[in-house]
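Asks: Residue-level listing of the chains:
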Amino acid sequence: MNPENKVPVTILTGFLGSGKTTLLNRILGEEHGKRIAVIENEYGEVGIDQGLVIDADEEVFEMSNGCICCTVRGDLIRVLGNLMKRRDKFDYVLVETTGLADPGPVAQTFFMDEEISSEFTLDGIVTLVDAAHIDQQLGRSNESSEQVAFADVIVLNKTDLVSDKALTNIESRLKDMNRMTRIIRAKQADVPIETVLNLSAFDLDEVLKRRPSFLEPEYPFEWSGVFPLDEGKYELILEEGPDPEMSLVAILDQGCTEDELKEGAESCVRYYAEAPEELTPNNIIPYEKHVNLNLQSQGSKRFILDQKKFSKVGLFTQHTAEEFEIKLKSLNEPNSGNIILPESERIWVAEHEHDDEVGSIAIERDGDVDPEKLNTWMGKLLAEKGVDIFRTKGFISYAGNPKRIVFQGVHMLFTAQPDKEWGDEPRKNQLVFIGRNLDEEQMQKDFDKCLI
Amino acid sequence: MSNIEPFLPRGMLHEGWSSEVDDYAIVCGWAMRGKIFVVGDAAGGLYAFDSLKGNTIWKNDNVHKGGLLSISINLDGDIISTGGQDGCVRFWGSEDGKEIKKIEIGKGWVEHLKHSPDGNYLSVALSKNAYVLNSEGQEIWRSENHPSTISAIAWATNNELATACYGQVAFYQINKNKINQKLEWQGSLISMVISPNGDIVACGSQDNSVHFWRRSTGHDAEMTGYPCKPSNISFDHTGTLLATGGSERVTVWSFEGNGPEGTIPGELGHHTQPVTSLSFSNKGMLVASGSRDGSVVVSFLEKNGNGNPVGAAFSGNSVSAIAWRPDDCAIAAVNSEGGINLWNFKVRTEL
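Chains as they are written, first to last, in our numbering: chain A, 5 to 456; chain B, 12 to 362.
Because the hints were derived from the structure by calculation, they are not lab data. You may find that some hints are simply not true.
[To be verified] Listed next, the stretches of chain B that the computed footprint assigns to chain A, with coverage defined by at least 3 CB atoms under 8 Å from CB atoms of chain A:
(1) 34-40
(2) 194-204
[Stated by the list, open to error] Only some residues are given here: those of chain A computed to face chain B with a beta carbon under 7 Å:
(3) Glu63
(4) Phe65
(5) Met67
(6) Ser68
(7) Cys74
(8) Gly78
(9) Lys89
(10) Arg90
(11) Glu118
Computed from a predicted structure; not experimentally measured. Every residue, glycine too, gets a C-beta built ideally from N, C-alpha and C.
With the hints as constraints, model all of the structure from the sequences given.
Replies: Dropping the structure here:
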């Protein structure tokens, strides 16, 4: 079957009130040239404006063999089976699940049912999250964390209702749970349509072409600011914050574009990797060095920046500027005492402790693996933990195979296929598992045994 | 002389006529005792073709808003019933295509319709309920809510209706409004047939198996190992053979003797893609199978389930339904591109 002829399907999940219907209406409004069918399982708070809307009762069918990967959605099989019989075929199908739906059976329907998979292709799973309520929801319900775990894209909606600080925390919590996902902030589900449709998220060749790593990088800092500073002295003022100390790296000639910031961030990751130098207040902050600002004393603390000539100075701090009310003041006449505002500010997704049951495990190793050992290990892992492993993605370097092997899975359903040739690229492996109560250390150990 | 075997019947499909409808043809059947071939398409077109010449006798457009889903023709063949996405059932006169009655059943899809064997009743499945209408279109019975959407209905007798859904097959005595039997099994049943003597009920299941029960003993069994789901199953008129789809082969189970438990089924491997429709002839051991690859094959079967092809033809596109004419002298197939083909079927028996 030619995949190009298959109709793409996007699954929209999220709790009631997270804005699924608003997003649906935006998609239908903007993609008016296309024939879109919407399969709805829930009567939303707002009606759906246009397009073909089919109401279907969510019918989760478990099989007698007890295998959870055989659990499918009967309503989808019936409705999609009928939709594909129309000559005026649809360009796109959107499946809106109820707030309490487990996305597993929905996704599995597109792999387990031959009639469906011959006509439709699962494009991606989009989860809407209400920024104001997600913290409580994640604590209360399994469904909510499963929806986060399955998502290719999370739309963090209603961001206008919470503070920036809270958003950063939510984002980092969601990232801990699902490191493969892309998080997009929105106020009223106002996301660019191309960020949620036509993702080809289950076509790993495509995904890897666009993004060579499944893992969004995490950084050892949460905030950066870029300050254009003339020759002279400046003081960095920190008020009392949540911690008695904070790591910082200052670098020169930092640009403000996204690419330049990322480049700066990468170099700061390297400085952060080194042990920090302790720095007490009123001392000069060295450039290109990992320092630990000592903030134990009461009241404002000052540190000095000494500029020999004009430069854009990038400050990468362990915590956000807001937490310590960081200010930069000039000590030079005639501007002495003036506050200097950053030309650009950015929040970085920070590494965090894993405190949710649902989390991501990433294994990255250089070198080759023994195919047989890996198969044995993966087979055992999925057989034993398949219920708790929601999604798997990765690429592997098989010893002796010129091609990279890409694979992915939903619960125990698992496919592996050869992708591009390695060529001169260094051989490496990357596996990401998203699941519940996974033992990261054990899995890494087991994987290491598969390495040659 | 003992090594001389008797001749099998030799049959052939002779090209009769072909025609087409406007959309994906999904259902078909014979009316007026074989004088008219009726076809419904996915967009809601209903057509009647002359059995001999293939010309369109009448045509109704858009008979169900959203699309047509099901059709049933009564025993006399003078009334055609259709069901669709609009939640309605409509009765049509076979001769002229004029509407006799329109009945609003409810909100949802009317996915299954079946006339009782004597033609007096019409059973209707809409979402989680089954209904029985009399010939006037009046509701005379309604089932309780099923645990999930009804996926198949079949009449065991003129007064006993069976429904299949996820997890169960239920038998209802319509005239006494009671449940006669409930056969439970955790699986999504997607098709159902009942043997002519009413004892065996067989269901195709979503998990690529066929499950059957013997009603008299309550004994059940499961045939697994199908590569795809067996959406199509058919009993021959004696109830000896059960033909099943679920792959590019037709798998035939024989209920002769102590079978089919512990027996090896017959297999007919004449298609290159999965079987999409199956139908035994009204009399005799002939099974017609249609496939996604567009081929239609008629096979003659022995009592053990093995058999040989006696005729084959190509309909051009994925076959969505096939129907033997009541006299078994012709077979018609409809396909996914709206193509309609009729072949005359001739058998020569020598012994």
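Asks: Does methionine 67 of chain A pass the interface check with chain B, least Cβ-Cβ distance below 7 Å?
Replies: 4 Å, holds
Asks: With chain B as the partner, please determine if cysteine 74 of chain A meets the hint condition of a C-beta pair closer than 7 Å.
Replies: Cβ of cysteine 74 of chain A sits 6 Å from chain B, so the hint holds.
Asks: Can you tell me if the segment 34-40 of chain B counts as covered by chain A, using C-beta to C-beta distances under 8 Å and a minimum of three residues?
Replies: holds (count 3)
Asks: Against chain B, with CB atoms and a cut of 7 Å, does the hint on lysine 89 of chain A hold up?
Replies: Because about 4 Å separates lysine 89 of chain A from the closest Cβ in chain B, which is inside the 7 Å limit, the hint holds.
Asks: Glutamate 63 of chain A was flagged as interface toward chain B. Is the shortest Cβ-Cβ separation under 7 Å?
Replies: 5 Å, holds
Asks: For the restraint on glutamate 118 of chain A, tell me whether the closest CB of chain B is nearer than 7 Å.
Replies: This interface hint holds because 5 Å falls under the 7 Å limit.
Asks: So, arginine 90 of chain A near chain B? Judge it on the closest CB pair being under 7 Å.
Replies: 5 Å, holds
Asks: Against chain B, with CB atoms and a cut of 7 Å, does the hint on serine 68 of chain A hold up?
Replies: Hint on serine 68 of chain A: holds, closest Cβ of chain B at ~4 Å, below 7 Å.
Asks: Closer than 7 Å between Cβ atoms is the bar; does glycine 78 of chain A clear it against chain B? Give me holds or violated.
Replies: Since chain B brings a Cβ to about 5 Å from glycine 78 of chain A, closer than 7 Å, the hint holds.
Asks: Under the criterion of a CB-CB separation shorter than 7 Å, is phenylalanine 65 of chain A in contact with chain B as hinted?
Replies: 4 Å, holds
Asks: Can the segment 194-204 of chain B be counted as covered by chain A under the rule of three residues or more with Cβ-Cβ separation shorter than 8 Å?
Replies: holds (count 4)
No hint from the list above goes unmet by this structure.
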